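Asks: Below, each chain spelled out in residue letters.
Protein chains: 4
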Amino acid sequence: MQDPDPIAGRMTDGGHQLRQRVYFEATDFSGRVYHARYLQFLERGRSDYLRLLGIRHRELATTGRSFAVSRMEIAFLKPASIDDIVMVCTEFRGATGARITLHQRIMRDEDDLLKASVIVALVGPNGRAVRLPPGMRAVFGAKEDPST
Amino acid sequence: MQDPDPIAGRMTDGGHQLRQRVYFEATDFSGRVYHARYLQFLERGRSDYLRLLGIRHRELATTGRSFAVSRMEIAFLKPASIDDIVMVCTEFRGATGARITLHQRIMRDEDDLLKASVIVALVGPNGRAVRLPPGMRAVFGAKEDPST
Amino acid sequence: MQDPDPIAGRMTDGGHQLRQRVYFEATDFSGRVYHARYLQFLERGRSDYLRLLGIRHRELATTGRSFAVSRMEIAFLKPASIDDIVMVCTEFRGATGARITLHQRIMRDEDDLLKASVIVALVGPNGRAVRLPPGMRAVFGAKEDPST
Amino acid sequence: MQDPDPIAGRMTDGGHQLRQRVYFEATDFSGRVYHARYLQFLERGRSDYLRLLGIRHRELATTGRSFAVSRMEIAFLKPASIDDIVMVCTEFRGATGARITLHQRIMRDEDDLLKASVIVALVGPNGRAVRLPPGMRAVFGAKEDPST
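Residue numbers (my numbering), protein chains in the order written: chain G, 1 to 148; chain A, 1001 to 1148; chain U, 2001 to 2148; chain D, 3001 to 3148.
Since the hints were derived computationally from the structure, they do not count as laboratory data.
Nothing here was measured: the structure is a model prediction, and the numbers come from that model.
Mixed in with the good hints, there may be bad ones.
[To be verified] When the alpha-carbon atoms are kept at most 20 Å apart in a straight line, the in silico SDA-like pairs for lysine to any residue are as follows:
1) A:1078 - U:2115
2) A:1115 - U:2068
3) A:1078 - U:2097
4) U:2078 - D:3054
5) A:1078 - A:1020
6) G:78 - A:1065
7) U:2115 - U:2097
[Unchecked claim] Far from chain D, some chain G residues (derived; all Cβ distances over 10 Å):
8) 8
9) 15
10) 32
11) 36
12) 43
13) 66
14) 68
15) 75
16) 83
17) 85
18) 87
19) 93
20) 112
Note that the Cβ used here is the ideal one computed from N, Cα and C, for glycine as well.
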């Protein structure tokens, strides 16, 4: 079966994959992708993963809530360059309280370019973390993350 | 016939169309897309239009040449918001000497969000404009732009 | 007399000047500043000009209003490069209804790198232009712009 | 004594401090700074720290070398907002082989907004790490980092 709208990537067993092009804007004068722009690729992957799970930023915002990154560990392994097509791979690793732990990779063909561990928190209008609603936890499989 | 690789958009009669998602990164605290980010959408459209015409930034770079924007006129008509899907429409309007004139629009469904007239120049290693090679002019249809 | 807080630049006769550094993030793989980033330099100049005139984005936002760019004409004349210090020069040209017209230049020493004509509009919560309050017009000198 | 050019920040005991304004461009539709933009603030701090130590990106580039981030751990503690002035604090923690370890913080007044541990590597034209030249190690105090 074909994806109805590949612009949002596709669900995989335990996660999500999104193909992205490296345009001019993502590069810097070293000729490679500027390190902070990889985080934008990661965020596009997370957003589309949530989207395909039925969680929309705009709807959350109407209730004053949004997801905020609270912690990242990133290993920059190999650089990407202009015109490259990369795959942003997102894997759910667990959810506790207000927090979701994801592992993410950026790949070019078989090469890992970047690996990241990312913790995002659901925050309320005052910027404080709020408990994930049960429906949202269920969407991720309601697995408790033993490591957090 | 289906596009072999829709990530690069598709050629249209006289131009090119590219669908793009509005992610977090493109918005600002007004809740809408930050004005300068629309230019990145436009550049993605131009890059993929050139790509489907067979012109690659990376190959050009090996000969010390690249395209640089030399002039833009932009009317910001309606704002785009997070989660929107927009269409970047690029239309060739003419080529003379070192310069290519394009008209570009960003649309959401039937609405024009932005209209732009863009002049790009091929520049050499010293940053000076260099004449478009005949092969490249032919690719665009070798139409002379009467307005420039 | 010295500026109390040079981070916001300084008022000039009829406008404002802001010195800015070109960091890695503003460059692209051509080795020069990515064209859309110049707009961010321009916006920093406009924001600090408004700031020194007593107009704050955050305070406007509490009343549901913000400034939005409605039209730009930009001539990219010479490129800036990593490590450069550039001067963003902003000049008030007139205000009518909801709109303010500014001329902006980015200079490196005596060289003009970019010239722009920018129209910004005050918009309300629904994104529609709202009339500039008399106090704000007075701040700019209440000059009517004959050209708009 | 006053800093001759405060645009590059100032050296501190064991590091560097750079004041930066939060402009429109750094925010996202949540109303706060977009997480990936904090990395740009960090990079401006590192660049100006190196600059005041006498190490210039452009000069390095003439020998085909540049600094690349190889690893980051980032804790996002409190958000910054439009119009804020933040302080980017960079502290040298050690250098071994091709790698420099830095600790960085972004503060607003007395509050820590973000803490990061950053490893940057000097890379050659092929993207491979190259040993730091002795002169560069001397500049940092030639302290060996016991933790790496």
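Asks: Failing hints, ascending?
Replies: Violated hints (numbers, rising): 1, 4, 6, 7, 10, 11, 12, 13, 14 and 15; every other hint is consistent with the structure.
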